[in-house]
Amino acid sequence: MGDKHLARPGDTYGSMIPYVVPASLELFQGPSVGVIELPTRLDWTSNNRYDLADLDEAIGLYNRVISEASTEADLIEYLNRDVLLALWPRLRLPRRCAERWVAAFPQLG
Numbered sequence: 059m060g061d062k063h064l065a066r067p068g069d070t071y072g073s074m075i076p077y078v079v080p081a082s083l084e085l086f087q088g089p090s091v092g093v094i095e096l097p098t099r100l101d102w103t104s105n106n107r108y109d110l111a112d113l114d115e116a117i118g119l120y121n122r123v124i125s126e127a128s129t130e131a132d133l134i135e136y137l138n139r140d141v142l143l144a145l146w147p148r149l150r151l152p153r154r155c156a157e158r159w160v161a162a163f164p165q166l167g
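Each residue of the sequence shown is one higher than the one before, starting from 59 at the first, in this note's numbering.
Please keep in mind that the hints were generated in silico from the structure rather than gathered at the bench. Owing to the predicted nature of the structure, the values given are computational and were not obtained by experimental measurement. Cβ coordinates follow ideal geometry from the N, Cα and C atoms, glycine included. Each hint should be verified, as a subset may be incorrect.
[Claimed, not checked] Pair ranges (Cβ atoms, derived):
(1) Val160 - Asp140: 27 to 37 angstroms
(2) Ser128 - Glu95: 35 to 45 angstroms
(3) Ile75 - Thr103: 14 to 24 angstroms
(4) Ala161 - Ala131: 28 to 38 angstroms
(5) Val91 - Arg154: 28 to 38 angstroms
(6) Gln165 - Thr98: 15 to 25 angstroms
(7) Asn106 - Thr129: 29 to 39 angstroms
(8) Ser104 - Glu84: 32 to 42 angstroms
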């Protein structure tokens, strides 16, 4: 393990989370309609089903997947580029996560 993964004085738990940022938004061809059930690795709550027709549920799904994904494959499976672009201004992501995504994709800012 490299030094970049070691905690240093002043680090917080949030500063150590390795948020996944995809290589390209074009990879996101996931569902844009329907009900999505997330696996436990992404949503360990009892309410892990999200109806994309419901704005609040769609926002909840995207918040959850983006902040909890541990691989690019998780992002690709559940996210849709057009839905992401429409929802981005309404998402409430951890600050460091949102900053990493905007740095990679300025069009989100």
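Taking the hints in turn, this is what the structure says about them:
For the hinted restraint 27 to 37 angstroms between valine 160 and aspartate 140, the CB-CB distance of approximately 18 angstroms leaves it violated. Look at serine 128 against glutamate 95: about 18 angstroms separates their beta carbons, and that is not inside 35 to 45 angstroms. For isoleucine 75 and threonine 103, the hinted distance range of 14 to 24 angstroms is satisfied, since their beta carbons lie about 19 angstroms from each other. Distance hint check: the CB atoms of alanine 161 and alanine 131 are about 22 angstroms apart, inconsistent with the given range 28 to 38 angstroms.
A hinted range of 28 to 38 angstroms holds for the C-beta pair valine 91 and arginine 154, which are about 31 angstroms apart. Separated by about 32 angstroms at the C-beta atoms, glutamine 165 and threonine 98 break the suggested range of 15 to 25 angstroms. One distance hint, 29 to 39 angstroms for the beta-carbon pair asparagine 106 and threonine 129, is violated here, with the actual separation near 18 angstroms. Checked against the hint of 32 to 42 angstroms, the pair serine 104 and glutamate 84 passes, with Cβ atoms roughly 34 angstroms apart.
In this structure, the earlier hints numbered 1, 2, 4, 6 and 7 are contradicted, and the remaining ones agree with it.
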